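Chemist: Next come the chains, spelled out residue by residue.
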Amino acid sequence: MITNDTVKYIASLSRLHIDDADLSRFGGELQNILQYVDKLSELDVSNVPPTSHVFRVENVFREDTILPSLSPVEAFSFAIESHDGHYKVPKVIE
Amino acid sequence: MDLFALTAHEILELLANGKVLPDEVETSVRGRINAVNPRTNAFIRTYQENKTPANAMPIPIGIKDNICVKGRPVTCASAILKDFCPPYDAAVIEKIKASGGVILGSLNMDEFAFGSSTESSSKGIVHNPWDLERVPGGSSGGSAAAVAAGEAIWALGSDTGGSIRQPASFCGVVGLKPTYGRVSRYGLVAFGSSLDQIGPITRDVTDCARLLSIISGFDRRDSTSVDLPVPDYALGLRRDVRGLRIGIPKEYFIGGIEPAVEKAVRAAVEFFRKEGAVIKDISLPHTEYAVATYYIVATAEASSNLARFDGVEYGLRVLPDKPRKTGIVDMYEETRARGFGDEAKRRIMLGTYVLSAGYYDAYYLRALKARTLIKNDLDKAFTDCDIILSPTAPTTAFKIGEKTSDPLSMYLSDIFTIPANLAGIPAISLPCGFDAGGLPIGMQLMGAPFAEEKLLSTAYAYEQANGWHSRKAQL
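Chains as they are written, first to last, in the numbering used here: chain A, 1 to 94; chain B, 1 to 475.
Please keep in mind that the hints were generated in silico from the structure rather than gathered at the bench. Note that the coordinates shown come from a computational prediction; the quantities given were computed from them, not determined experimentally. Some hints here could point you the wrong way.
Short, incomplete list of chain B residues facing chain A, as computed with Cβ under 7 Å [to be verified]: (1) A190; (2) S194; (3) E334; (4) A337.
For glycine and all other residues, C-beta sits at the position ideal for the given N, C-alpha and C.
Generate the whole structure from the sequences, applying the supplied hints.
Modeler: If you want it as structure tokens, here you go:
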């Protein structure tokens, strides 16, 4: 059961502020979707390997060569707030 | 002559014969955008790119708003990206520019490609050119609507669970999702990284083949792109379908499918039978689990991919009026609360939930195993068939607002397109008729990995004999 407290907890894991007034609506919608996806519990998957990637590629390596890339000026051209080549954010430790 | 209404290959022929100039084509298309975009809302913004010197294919193209064009806003139709301008081109944009393509601007979409109707866009709803009261499908609804309305000669979309094929079906155009890895995802804003592919939306199969040849190929910046040679897909179109083995999956013709859709697709099957194809009744027994599997895998990947939108580096940053937690956490939470729409919030929370401690095995791991079963069904079918033929969607375009209050019913409109993404295989949607209300019906052809040539030649044989693509939306 997705209670308002569960929604609050998931929202906090997701770094999303949800207004108290919206908790039960989101809870109901998530409940419906989870009830539907529970369909998968009908399947016997005990001997089935998981597929996280459709082709079996693992650890794609390449030579570690230096190639042209964005300059710091270009990389910071879209920054919300920056200072001396760093992103500036509100205080992390009070 | 209305140049905006022509296909790319028709325009290239006129250009080659000196009958028109590239600028005349562009002027015609931009004029059409000015005339009809207020009614379709397919384009979010237009702009003039500097012309590239090479102009082998100066075809006006629209770009879905989740593909990076250097120095131009890319917003995924979301408020959280505000007016973000990427400092680089996506791999497909480099290729389009190198071919001489004329980039017209950004096309509307469901926010972060989360949807099947383009109603979750923060830039307004897109209207279907065939009936402005109806949705164009989604999430590449702007791309499909623009191509159908003459606002672009062709367009790029992206497909995570059907987002190219379902809108192509609803708008009466051709859309192809390539094999996973055929096209580089570098510069595509990620949604479900194990599912996403960029692909063409065009007015006919010939254009689809041409655009696919332009955008395909290995790219070292996308480690999942596959290093296989890229054929000239347009050269392989004229192939006999005699002897072609076409599978008809019984699970794709079940309750909920509109009678007009079933009738049109069955008629297409009869066409192929008459042409000498071998029609086989097949079974894909795990089809009914595809939507549930997808909404766990795709939301899990999305919740992780969208963690980067936090107000730190680029896009939107909002602080709450009154502090709630610590300064930086307040910034994350308020930025994301204001920046994301409801569907994005639902998917982020669902994805976070299925990955969270205590639920990972029950939901996420189980879904990855179900994905194996769905993929195995398709692998097995392709040992016995060359093509799997089905409807693209169970219905024609639905009314605006019809499904917005019930997210689950919206998800179910992707029931026939999702398996191709879960299995990584290529699939094309092309027009195969119209319902009584004059709305286009689409059929889907799926193929084995890297069987794009076979998909295109099969689609071409049907298209040339039936001619549905020549009917145009009246605006």
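Chemist: I'd like to know which numbered hints this structure contradicts. Please list them from smallest to largest.
Modeler: Hint 1 alone not satisfied by this model.
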